[in-house]
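**Student:** Produce the entire structure from the sequences given, and follow the hints as far as they go.
Protein chains: 2
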Amino acid sequence: MDKVTVLNSHDIATLLDMPAVIQVVKDAYAEKTTKDGEIWPMVYNAFSDMADTDIRSGLLKPKKIFGNKELTWFGDNAKKNLPELHGVVTLYSSETGVPEAFINAPALTGFRTGAASAVATKELANPNSETLLIVGAGGQAAYQIMAQICVLPKLKQVLIYDPMSSENAGKFAQELPQKLTILFADNIQMNRPTVAAKIKERIKQIKFIAASNIIEATKNAQVIVTATPSTKPLIKAQWVQSGTHINAIGADMEGKQELDTQLYQNARAFADDLDQASGVGETQNPIKDNIIKKGDVTEIGDVIVQKSVGRQNTNEITIFDSTGIALQDLEAANLALQRAKRFNAGVVVDL
Amino acid sequence: MDKVTVLNSHDIATLLDMPAVIQVVKDAYAEKTTKDGEIWPMVYNAFSDMADTDIRSGLLKPKKIFGNKELTWFGDNAKKNLPELHGVVTLYSSETGVPEAFINAPALTGFRTGAASAVATKELANPNSETLLIVGAGGQAAYQIMAQICVLPKLKQVLIYDPMSSENAGKFAQELPQKLTILFADNIQMNRPTVAAKIKERIKQIKFIAASNIIEATKNAQVIVTATPSTKPLIKAQWVQSGTHINAIGADMEGKQELDTQLYQNARAFADDLDQASGVGETQNPIKDNIIKKGDVTEIGDVIVQKSVGRQNTNEITIFDSTGIALQDLEAANLALQRAKRFNAGVVVDL
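Protein sequence lines, in the order shown, are assigned to chains C and R. This note's numbering applies: residue 75 is where the first sequence begins, and numbers increase by one. This note's numbering applies: residue 75 is where the second sequence begins, and numbers increase by one.
Think of the hints as simulated: they come from the structure by calculation, not from any bench. On a predicted model such as this, the values are computed, not experimentally measured, just so you know. Be careful, since some hints might not be right.
27 Å max Cα-Cα, derived DSS-like pairs, lysine-lysine [what the hints assert, rightly or not]:
id : chain 1 : residue 1 : chain 2 : residue 2
1  : R       : K77       : C       : K77
2  : C       : K135      : R       : K154
3  : C       : K245      : C       : K306
4  : R       : K138      : C       : K154
5  : R       : K154      : C       : K138
**Tutor:** Below is the structure:
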């Protein structure tokens, strides 16, 4: 019988450290460009306005694995005291087709989505950036903030703006140092003590401030992450200062929008996957408004392997559109599986 | 944490009895026609000529489940002392998106593919058929034979023809009574004793005979199952007697063929899925040869719900092209999961 390692949300939290996930997500983007990674067609189904599922799959040749991630979103689950997100990443050996792991998908997705923005920030933002603005205080916010802290060595403050409720932003900002410490340091204390200590230290050095005025906050930030389900622009072009880098991660279907399309008049556009970004990502909007063409957008993998140039000077505005590719999931899942073997984590079931 | 039931190949063998799987596969075909079942786009990837994987997914509204099956085939695995087929069916609740089960896919696939032919035979074959010919003595053969026995009450003999080796057919025929008894009766003795007893009795009543002459064997059979990886016709039109029903299950990609396309001149064509059958199933061949049009083929679900007529008289030749649909996998997986709960089988893992 096949021996399959099961890694639940607790295992993922104790095995994955954010700096390591950032490294493998960078690998994933490079593998897309070099064709060492294959992305197979995505399956998407909406059950209703409030529930959907998608299956992303692909092959990572250098790691000798392939697999799929099915992630389900049921927006009404809170009424049933259940999380909104569920799902599984299944990894297979590309040498034998044998299944190797079942991994909690929402836990992994938080890490890999945070890491995606961090990879783009590392490649595209001014490295001396001191102020990060995060728009949206939902389930992704803590992962996004932690990942940005990891790649911005000069970061001094994080501004949190919640378009739904400024009260929520205040509560979120107050609880954040403790939340980040538990999630990203305490959890890995046993397996990755050195990384845990560094992360704890960095969290202590940073101020977390609720922002009630989005105009002021935008003007003050050198790096911005938008992580909302918005369908209208939240950030206006005239508020964004030269030299700013923006990670737009909220848009993942037709009709979603977080940025003023005018912003693209004076910005350079990047994305994880050109087709997906121009179809369902933030990039769909400036293309529809005829401000940019699909050909104007650079894939981040091309920047990583130095096929294309990233930031050209300190004044440029850069925008990264993160829509999510299977290779991120497979890289992060493979990291979790390799560490599970090393630290003897998870349970092994006979299939 | 989500509680997920893991059912391995041994669990499937002890939980599923063939008559029950035939019933739920019949439900699956009906659900395709009535739209109570949704089939989502298939993902297929060939790693080489000797290895591939596919992901079939969909939704079964009446059962409140959705899910996917990834089935991998690595044809060189025998050299590594590994089975060629591996994979997993993952079931989710369509009310919450919570994963409910991980199920061994090859074990389930054997049952559901055997059951598929049996459903078609029940709907289309002459019910008094006494002789079954099975062409191919590979991994599917035992499942196909057992399923046919379940739906042909007058069956007296099973002829086994192996296009690769008549010696193999002889050995296979000799071992078959014991093999069928172990696989489909002894395995379910504990959970389904009455069904096990009936199946044992039926196996005893039937002669299993190796056939070295395919022409004679075809002429003698009232029901034929072809289950080979052939790319050339194995059964010629002139050998097939009037009134014969054929289940063609081998063809599952472009270029595969088991039947002489001339056979379709005087036969009525049925399939599980019109698009898939005319694209990659046996049905692709007579369509390419301009002998039938896609519109001439009837989906078996239409016959089951009496939207279309099945066999019209005892003299007709009928051909069923089985290519496999996700709803079969989901129905069979759901049956296994419900029984696992009832008989307290499998293990439950925290995800």
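**Student:** Each hint needs a verdict: does it hold in this structure or not?
**Tutor:** These are the hints, each one checked on the structure:
1. For the hint linking K77(R) to K77(C), the alpha-carbon distance of about 19 Å falls within 27 Å, and the restraint holds.
2. Distance hint between K135(C) and K154(R) is fulfilled; the C-alpha atoms sit about 20 Å from each other, no more than 27 Å.
3. Between K245(C) and K306(C) the CA atoms are separated by roughly 25 Å; this keeps the pair inside 27 Å, and the hint holds.
4. This hinted pair checks out: K138(R) and K154(C) have alpha carbons roughly 16 Å apart, not beyond 27 Å.
5. About 16 Å separates the Cα atoms of K154(R) and K138(C), which keeps this hinted pair within 27 Å; it holds.
Against the hints set out earlier in the document, no violation occurs for any number.
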